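Number of protein chains: 2
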Amino acid sequence: MREAYHKELESISEALVEMANLVGSAMGRATGALLDTDLRLAESVIDTEGQVEELQRNLEEQAIAVLARQQPVATDLRVVVTSLRMSADLERCGVLAQHVAKLARRRHPQHAVPRDLRRTILEMGQLAQRLMAQAAEVLITQDVDAALQLERDDDRMDELHRMIFQHLMDERWHHGVETAVDVTLVGRYYERFADHAVSIARRVVYLVTGEHADDYLPDTPVIH
Amino acid sequence: MREAYHKELESISEALVEMANLVGSAMGRATGALLDTDLRLAESVIDTEGQVEELQRNLEEQAIAVLARQQPVATDLRVVVTSLRMSADLERCGVLAQHVAKLARRRHPQHAVPRDLRRTILEMGQLAQRLMAQAAEVLITQDVDAALQLERDDDRMDELHRMIFQHLMDERWHHGVETAVDVTLVGRYYERFADHAVSIARRVVYLVTGEHADDYLPDTPVIH
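These protein sequence lines are chains A and B, in that order. Heads up: the first sequence begins at 1 in UniProt numbering, then just goes up one per residue. Heads up: the second sequence begins at 1 in UniProt numbering, then just goes up one per residue.
What the hints contain is simulated information worked out from the structure, not anything from laboratory work. Heads up, some of the hints might be wrong.
Heads up, the list lumps identical chains together, so a pair's fine if it works in one copy or across two of them.
[As the list claims (entries may be wrong)] Below, in silico cross-link-like pairs of lysine to any residue (SDA-like), each with a Cα-Cα straight-line distance of 25 Å or less: (1) K102 <-> D170; (2) K102 <-> R69; (3) K102 <-> E151; (4) K102 <-> E171; (5) K102 <-> D195; (6) K102 <-> D214; (7) K7 <-> V17; (8) K102 <-> L39; (9) K102 <-> I140; (10) K102 <-> L160; (11) K7 <-> Q71; (12) K7 <-> V73; (13) K102 <-> V73; (14) K102 <-> D47; (15) K7 <-> Q70.
Fair warning: this is a prediction, and the values are worked out from it, not measured in the lab.
Construct the entire structure; sequences and hints are all you get.
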């Protein structure tokens, strides 16, 4: 009985890691499709529509089954409840990757992102993917330091997001309104994606320490 | 024991309705602040920062306590798990209302929304608030028809959102890039807010019928 129980908890945790890998990879390909105007790559992301939602539904059913059969308490209960919340974050990340891929498809064979912003968007895309990989790692290791580091790494995303706005507001902007709208939305998709990765890491901090990351952070020396 | 149990479930449901009312009202005021460039109204929304998050945390703790103490199964278990997901939707709606209010404050005393888009944004704001009120109602009544109606009413939001984009892409757009960025973001905030209200209604449909709204909808006559 005990063993079956832990297998079930483990399987939920594995499902989360699988979702994180899936949406991380999807966002990586979506970024490639966007910057290389690669229609087939965009389609490969769009074709996964529904896949993350299905994983999410399965995970929710699994969690409900564990709650009903095993009636966990204390930490195990928190782990299951938190998994539900994390799976919602990951589901949303899948949608955001889809949004990026659909924008690439909508503008194909044109570039949605003008040349002078491509480096910034590339960095955002790579950072988004890396943050999600870190979140998956944190889910496995439950490493609080790594989780807090993720939050600091996300500062760079905010910086990149601000750079995009500065660029948009620059009087020399000459790419027109449609491109401004595209860049505004795409910047937001990456930023939200990263936020969800951070949210997952914060929840691990809470599970492990019993303290919300907000309260926990100030006492932690920042490692550069 | 039984009675205490149902009181606890009821109290979770009441907390959800309270959150829905709070974020609906916040979005209503944020829209007023945005369209009337009313700084004090904007501040009144911004001042509630953290309030919805706190309600969400409390609700999560309450739900965990119910799961631990009462170990609900079957429908009751689904109700508690679904409440957790709904509270996450509502927390996000609170953030979106804040975003609208902060935009109003950032552009004050200027208008963030140009005159020719104000009617569209007003309708989006009112619709967002109405959809959230309907979601709160559905939480109380568990009325499946009302829940499905909410989904259809949201079609108008998508239409308004498309109208904004058409307006932005119009060659006669003369409000500059900054305003285009503002309008793009604000349109997205309303649309996402409405999506969350719809998501809550869909979850009620699932709780009551055992079928996902997607599968349930096609057989339902659309009432105009």
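Each hint, compared with the structure:
no.	hint	verdict
1	K102 <-> D170	between (27 Å within a copy, 21 Å between copies)
2	K102 <-> R69	neither (41 Å within a copy, 46 Å between copies)
3	K102 <-> E151	between (28 Å within a copy, 23 Å between copies)
4	K102 <-> E171	between (29 Å within a copy, 24 Å between copies)
5	K102 <-> D195	both (21 Å within a copy, 19 Å between copies)
6	K102 <-> D214	between (35 Å within a copy, 22 Å between copies)
7	K7 <-> V17	within (15 Å within a copy, 37 Å between copies)
8	K102 <-> L39	within (10 Å within a copy, 37 Å between copies)
9	K102 <-> I140	neither (31 Å within a copy, 37 Å between copies)
10	K102 <-> L160	both (22 Å within a copy, 20 Å between copies)
11	K7 <-> Q71	both (15 Å within a copy, 20 Å between copies)
12	K7 <-> V73	both (16 Å within a copy, 21 Å between copies)
13	K102 <-> V73	neither (43 Å within a copy, 41 Å between copies)
14	K102 <-> D47	within (11 Å within a copy, 37 Å between copies)
15	K7 <-> Q70	both (12 Å within a copy, 24 Å between copies)
Checked against the numbered hints given earlier, this structure breaks hints 2, 9 and 13; the rest are met.
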